[in-house]
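Sequences are here, hints too, so could you generate the full structure?
Number of protein chains: 2
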Amino acid sequence: MSDDVKRTDVNDLGEFGLIDHLTKSIVLNNPSSKYGVGDDAAVIDNGDMLSLVSTDMLVEGIHFDLMYTPLKHLGYKAVVVNLSDIYAMNGIPKQITVSIAISNRFSVETMNELYEGVKLACKRYNVDLVGGDMTSSPKGLIISITAIGQGEKGRVVYRNTAKKGDLFCITGDLGAAYLGLQILERERQVYLSNPNIQPDLGKESYLIERILKPEARKDLIEVMRKADLIPTSMIDVSDGLASEIFHICTQSGVGAMIEESGVPIKQETEIQAIDFNMDPITCALSGGEDYELLFTVDPKDLDKVKYMPDIYIMGEVTEQAHGIKMHTKGGNIHDLKAQGWKHFGND
Amino acid sequence: MSDDVKRTDVNDLGEFGLIDHLTKSIVLNNPSSKYGVGDDAAVIDNGDMLSLVSTDMLVEGIHFDLMYTPLKHLGYKAVVVNLSDIYAMNGIPKQITVSIAISNRFSVETMNELYEGVKLACKRYNVDLVGGDMTSSPKGLIISITAIGQGEKGRVVYRNTAKKGDLFCITGDLGAAYLGLQILERERQVYLSNPNIQPDLGKESYLIERILKPEARKDLIEVMRKADLIPTSMIDVSDGLASEIFHICTQSGVGAMIEESGVPIKQETEIQAIDFNMDPITCALSGGEDYELLFTVDPKDLDKVKYMPDIYIMGEVTEQAHGIKMHTKGGNIHDLKAQGWKHFGND
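Sequences listed follow chains G and F, in order. Using the numbering used here, the first residue of the first sequence is number 684, and each one after it goes up by one. Using the numbering used here, the first residue of the second sequence is number 684, and each one after it goes up by one.
Derived by calculation from the structure, the hints in this document are not laboratory data. All the pointers check out, no bait thrown in.
One copy or two, either will do: identical chains are not told apart, so a pair holds if it fits within one copy or between any two.
Derived DSS-like pairs: lysine-lysine, alpha-carbon spacing no greater than 25 Å straight-line:
id: 1; residue 1: K707; residue 2: K802
id: 2; residue 1: K836; residue 2: K717
id: 3; residue 1: K901; residue 2: K717
id: 4; residue 1: K909; residue 2: K806
id: 5; residue 1: K689; residue 2: K802
id: 6; residue 1: K806; residue 2: K717
id: 7; residue 1: K901; residue 2: K802
id: 8; residue 1: K847; residue 2: K1012
id: 9; residue 1: K806; residue 2: K707
id: 10; residue 1: K836; residue 2: K987
id: 11; residue 1: K1008; residue 2: K989
id: 12; residue 1: K717; residue 2: K802
id: 13; residue 1: K847; residue 2: K1020
id: 14; residue 1: K983; residue 2: K836
id: 15; residue 1: K989; residue 2: K901
id: 16; residue 1: K989; residue 2: K1012
id: 17; residue 1: K1012; residue 2: K949
Treat the numbers as computed from the prediction; the structure is a model and nothing was measured.
In structure tokens form, the structure reads like this:
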């Protein structure tokens, strides 16, 4: 490797910085390449329809720990997180490809389990598994999934089209997946210190399900479609609500005023956060892996969105100069911080 | 992991067996899913056109050794092997997504090199990089690329449509990439035993280029298109010529009679094989990574194909009951063996 001259650590840029750095000079040459890097999915123009393409890689030891992740759940989740990206473009996922690298530590039976989860997600979301790759890995399990969806012309929703005066909306509830992960990590430590102690996870089952077996908000995309509501911008919440608000604001050239009281957090999540000495709103803003949809709507659509189930209005799109702010329950206004920072680890 | 009851080693099935096992029960439900697992690429019906989708994962320590693989070449090759799959369907690649997992052993500068290779391949093949993922890896470099291409209805070519009486054709030359790899492995051993010895690879540059920087046969797909020649079946040579002949024959329900004298092998390849005490025809049949196109044509198209540059007729499609045979230069007829076997390694 020829980095003798200068060596810049990948962590100086971080994941998003590195992607920007490597892809900023890219020019799209094919007329069918309608939108490239920078949104939940790429957009390809096929004449009548648009194809949406999204891809994610999950790596053992980084994205999941097989000590507490059943392989069926892992297969299910690996599919769902990709479908979530297609829904976040207001599209309908239709096909996936699944590429897997494994060492011989994995048996045919464990691969069956993983694929059971993949197939269950395909069935539930009406998506076809159409291809992939299967290869050897020197260490652990790596899953790379590409989802392909359909979008109608004029109905695909990007991140960079929020306008001043629009309303910020969020689906479902936030922070639960993050706390589910903290519970699993705690139980892992308990197990490592004494393998005879059996974990009791019954009362925390909602939080654990949110991290191990999330769902994509297909249901709400369908509700919006029936109501003929097209958001002005949309993104799914994978890295954390605050990070996604930043993506929409930065790419749209706007600011935000988010009401803390408008951020939906379930009671189970609040109780568990306090139990861990954490602030529930911090878990909701920075936790990530919620796979809810963050979107903006034109104020003229307020009546449509106001009575939709499981959708909450939590703020307003402001001018860029205003910054990205939160109005706290205590009545203060402060800058929102995006902490969706992921470290590249040691080899 | 719940493989307490029964544990079947993945190597009992092998790569292709495991894919078959995991995907055999899949039913395609979406009308747009025209063809799924089992060919070089999946086929998606978009109304006017067909989309072709192919995906490959390359893992450090399995598919490449960074000791002798410049990262720019690796980026280039990772793209080309995917484009080759789209050409093997008689399609035109248009977009790719690139997902990468790295540990912090890799610097921003080394990632620049990798992406230079990716971008060079995109430029040369007129393909747009439209998306991807960038994540952390606990060990080494993993690259997963998905290529998306366009196919015209009625002109997409599958593996399972060869007919008795068709002619087997092959592009370019075979075995060179495999011998290039053997040279690099030899130099690696020399280096490990004495790091002061500088490798002299000048006279073997063709063989080394074939393994480090292969090209996809875009040129010959264009030649065939101009001549209005549509093969009756086609596949690209990634795992080895014999293995690909088996894929076409098994999936088409036919047999083959291949002329040993018809298998194109360059003089450099022959000389190097003999130097390594290997049989050149074995290198050509089982070496792999040639990324040439193996295809069959209807005898009525013989005149079209006969004078095409760099395309060679090397046998005939026979009845399935006849088996898959080779007619040797010595005048014998024996069964062809497919040795495209890849082992899943230890964790």
